[in-house]
Structures are given as C-alpha cells and as structure tokens.
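K.L.:
Given the structure of chain P, go ahead and fit chain Y onto it with the hints provided.
If you read the protein sequences in the order shown, they are chains P and Y. The first sequence begins at 1 in my numbering and counts up one residue at a time. The second sequence begins at 1 in my numbering and counts up one residue at a time.
Each hint can be trusted.
Partial list, derived from the structure: chain P residues whose beta carbon lies under 8 angstroms from chain Y:
no., residue
1, 115
2, 134
3, 149
4, 151
5, 154
Anything over 10 angstroms on all C-beta distances counts as not near chain P; from chain Y, calculated:
no., residue
6, 15
7, 41
8, 53
9, 68
10, 74
11, 86
12, 96
13, 185
14, 187
15, 189
16, 191
17, 196
18, 214
19, 215
20, 236
Derived pair list, reagent style DSBU-like, types lysine-lysine, alpha-carbon separation capped at 35 angstroms:
no., chain 1, residue 1, chain 2, residue 2
21, P, 147, Y, 147
22, P, 147, Y, 215
23, P, 147, P, 88
24, P, 215, Y, 147
25, P, 143, Y, 147
26, Y, 215, Y, 55
27, Y, 143, Y, 215
28, Y, 55, Y, 88
29, Y, 76, Y, 55
30, P, 147, Y, 143
No lab work stands behind these hints: they were computed from the structure. Each residue gets a CB set at the ideal place from its N, CA and C atoms; glycine is no exception.
There are 2 protein chains.
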Amino acid sequence: MPPDDFVRRTTPLRSLGMQRVWSLMISLFGDMTQAEGAGIDGPVLSGIMTGLDVKPEAARVALHRLRNDGWITSRKSGRISRHALSAKGRAETIAASPRIYAPPPGAAQAWQLVLLPESDSAELPAGFTPVTPRVIVGPADAKAPAKALVLQGAEVPGWLREELRPAALEDDYLALLGALEEVMGNLPEGQRLSPMEVATLRCLVVHNWRRLVLKHPALPGALVDRGAAAHRCHLLVHALLARFPRPALRDLSPAATDG
Amino acid sequence: MPPDDFVRRTTPLRSLGMQRVWSLMISLFGDMTQAEGAGIDGPVLSGIMTGLDVKPEAARVALHRLRNDGWITSRKSGRISRHALSAKGRAETIAASPRIYAPPPGAAQAWQLVLLPESDSAELPAGFTPVTPRVIVGPADAKAPAKALVLQGAEVPGWLREELRPAALEDDYLALLGALEEVMGNLPEGQRLSPMEVATLRCLVVHNWRRLVLKHPALPGALVDRGAAAHRCHLLVHALLARFPRPALRDLSPAATDG
Chain P
1 MPPDDFVRRT
11 TPLRSLGMQR
21 VWSLMISLFG
31 DMTQAEGAGI
41 DGPVLSGIMT
51 GLDVKPEAAR
61 VALHRLRNDG
71 WITSRKSGRI
81 SRHALSAKGR
91 AETIAASPRI
101 YAPPPGAAQA
111 WQLVLLPESD
121 SAELPAGFTP
131 VTPRVIVGPA
141 DAKAPAKALV
151 LQGAEVPGWL
161 REELRPAALE
171 DDYLALLGAL
181 EEVMGNLPEG
191 QRLSPMEVAT
201 LRCLVVHNWR
211 RLVLKHPALP
221 GALVDRGAAA
231 HRCHLLVHAL
241 LARFPRPALR
251 DLSPAATDG
Chain Y
1 MPPDDFVRRT
11 TPLRSLGMQR
21 VWSLMISLFG
31 DMTQAEGAGI
41 DGPVLSGIMT
51 GLDVKPEAAR
61 VALHRLRNDG
71 WITSRKSGRI
81 SRHALSAKGR
91 AETIAASPRI
101 YAPPPGAAQA
111 WQLVLLPESD
121 SAELPAGFTP
131 VTPRVIVGPA
141 DAKAPAKALV
151 LQGAEVPGWL
161 REELRPAALE
171 DDYLALLGAL
181 EEVMGNLPEG
191 QRLSPMEVAT
201 LRCLVVHNWR
211 RLVLKHPALP
221 GALVDRGAAA
231 HRCHLLVHAL
241 LARFPRPALR
251 DLSPAATDG
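Extracted from the complex, chain P is given alone in its bound form (with noise of 0.2 angstroms):
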C-alpha cells in the first residue's frame, strides 16, 4: 500500500493524543519483541518509528531514555545495532500482557461479591473493582482478603453494570471507540498489509488500548455493561489484532535506511 494511503487509513488512531514517544516504543517492543531472545534492528525501529510520524531526533532521545531507565538494551552487531527488551522491561510488559491482550468476557464468566472488614477498606486487592465503601466485587478466581465475606455472584441487575462502567474513562473510551470503527472500516476484510504496516497498526491499536485499559481493572464478564464504550472497543481492539496477526520480526524490512 503506499506509505499516504497506509497513513490516511490509519490516520483515525494517530489523532487520540499519543502522548510520549517513548511510551510509544514500550507499546511497540511489548507488542513485538516478548519472545526471549527477540530484538528489533535499529532500520527497522527507524522505519517503525517514522511511519508513526516521529521524527528521527525524538526517536533517539526516546531509546535513549529508555536504555537510561533499563527498558531496553542495545547491541551492536556489525553496523546495526539491535534493541531488546530488558529482563525486567519483558518482565513488565509480560505482567501487562494477559490484561491487554484478553479476549472480551464471555457474560457468564463467574464472580464475587466482597465485604471487607470495616479496618480493612482503605486498601483495593488486586484484580477487584469498587462498588460502593467496603464492597467490592471481581472475577471468581480473584483472591479476596482472608478476613472477607466472600458471596458468589448471582443474576446481575443491569444498573449494577451500568454503575460499573469504567465512567472517569467514559470520554477517552468514546473517543478510542471512533477511531478503531474508523480505522476498522478503512481496512475491510480481506485488505491486506505489509509486515512493516501490520506492526506499525498494531503498535497504533495497543498503544491506545492499553493506556486506558490498564487503568481499571478487568470486569468479570457478567458485570460488563455490553453497551459500554469501554467493552466496544474491547471487541474492536480483539478483532483488529486478530485480523492483523504479529508479523515475523524476520519479515520486517525497513523503509527507512538510518538506523
């Protein structure tokens, strides 16, 4: 596809407000290289990173921040070098992973409904949402605390889903929501993409996905409010990512010759 079109047709997601680029990178190395062992060649990176409009200048400053703070290690192999995730960058990003990478809850999944110990209420156990002081409720195999009263979950009522939407986030999953059925709809089925352009959507997909998704945690999936934006996107998010599978890191072969 030529590089205009590729742009234009993906333009939708290039406009939610990516934030840093070395943010960005994270996105595009946790999408791309969690693969013990797996690196991505500086012309690569280069023609990655200038296909997602950052200059040259903002790319070297991002991976050097990056090497700075230990996400990201460089290695020099001839006249290339080749930049991997840290152990503990991969370690991170495999520990995101399960949540941005989650297919949507099925709406039977089961759940709990908690009540803490009234000394107990400041602190949020993993994987639990709150519902209103002391009560929370999560996924049935989350852990509660020992002291908890712990209810399985029965039929949900719908205000109770609506309740739950992830609201402070309602306007920036709305937004994400245009953007992914715009996009969607630029790259019907059956469209087909380079390798470079596959890794370059999917950097553009994960990168705004999971700076909302990892900001709440998972619903169980009877507790989803199907209507939601936040669940859309999900569905979206899942069949973009499934339509456009992770290409081969062999199989990418730079635009750009700088590296």
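P.N.:
Then chain Y, alone, in the frame of chain P:
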C-alpha cells in the same frame, strides 16, 4: 408463694425502668388475650396491676387512655367489667408477636445480602438490617426490592456478626440480661407459681423484652453474634416463657377485690 416473696424474686425485672403503665398493660393484654373473644375481668386486671406495683389510680388512667386510643374495649357484665383488645389492638399485637415470641434462631438459618441501587438507598426494606451504605442483610425469605442485587449468604466471618450486634441497645440488653439471669436463678427449675404470679411474671418478661426487640429487625441466625447480650437475652426470655407457660384466663383470680 407469699406476695412479698414473689416480689422479691422478680425485683430485678421490676427495676429496669418499665416506663408507662399503658405500655405495661399492652404487654399484659398482648401476652394473655390474643385469642378472639378473650378478655380480662376488672378484678383480675387490678390484681395483676397491683402485683406490678401500679397504683389503682394510675391503672385507671392508663385503661382510660387505651380505650380512648382504640386499643382496648371494656364491656360491663353485671357488677364487673371485662377488658379486651379492640380489633385494631389485636391486629397490632398479632403483628408484633412473631418477633417477640420467636425462638432463638439456629446458627445455620439461611440469609441473603442485598446491594441496593444508588437511588433506593434511603429506604430500608422490612426485615433487613443495614450493614454499610446500600448494603443490607436479612433472612433468606425476606423480600428484597425488585431491582436489587441479591446474593445468597455464605460462611460468615466473626467481625460481621460483631458489627451487626444492635450496638445502640447494647447497654439496655446488658441490663435486661443481668435481670433475667437473676430472676432465672430466683425461680429454679421446679419452682411453682400461681396462675396470677405466672401472668405477672410473663408480663414483666414480655414487656422488658419487647421494648428492645421491636426496635430492630431480626437477624438471620447465621449473622447473630452468639455472645451478644441481645442473643443471650433471647435465650433466657425463651426459656423463662417456656418454663412458665401462659395460664388459662379462667384460672386467674384476683387477690385484690376492687374492679
């Protein structure tokens, strides 16, 4: 038993601040005359009231008030009056009876936790006890609001039972508990009382018990703190009323002659 001896043995229950005479009279009629057509002859009523340290003038004023308020009806037959609950008085008495006379609940009694929609949180449905904003608990057969989230009770942590004690009434229950224990000791197994003494004793027990127990809904057994004064009172009230069953009205004969 000599009158002084009976008074001495039941003194602890007489020292609890029994409040108004008309209320004491309601306790007596409620315990003795719930059956359709049942009534208490004036001389018998006077005898019991005297046995409760109520002055004849105070008893007359209370009876007058209860008639005016439509709780009691009085019918002359020859030289003596017979007093009975009015239809309204009977209805209210019968409505309160399950709570007053219920046996102490078993520890395995099924219960439910209900989460109310945000808009409904003001009103407490009948039979439920509030836990925390929007969360109420009650027996499994209590009727939850149509739109609420209803969860079947499970294993109950100790802190929840403690938290659900009727804390505002703790001092009153402790005082009643002390009195009941003392009277229980003063009236050992096998102790015989006259029908008039039994009616008087039951009135003292029911009166002091209902003043407290009608102020809060019954907790399902699984949520009852077995060590709480409220529950220990319940056990003793039940035991005393069982040990001294309601006498037949026809067996009551006045010690006093005024009527």
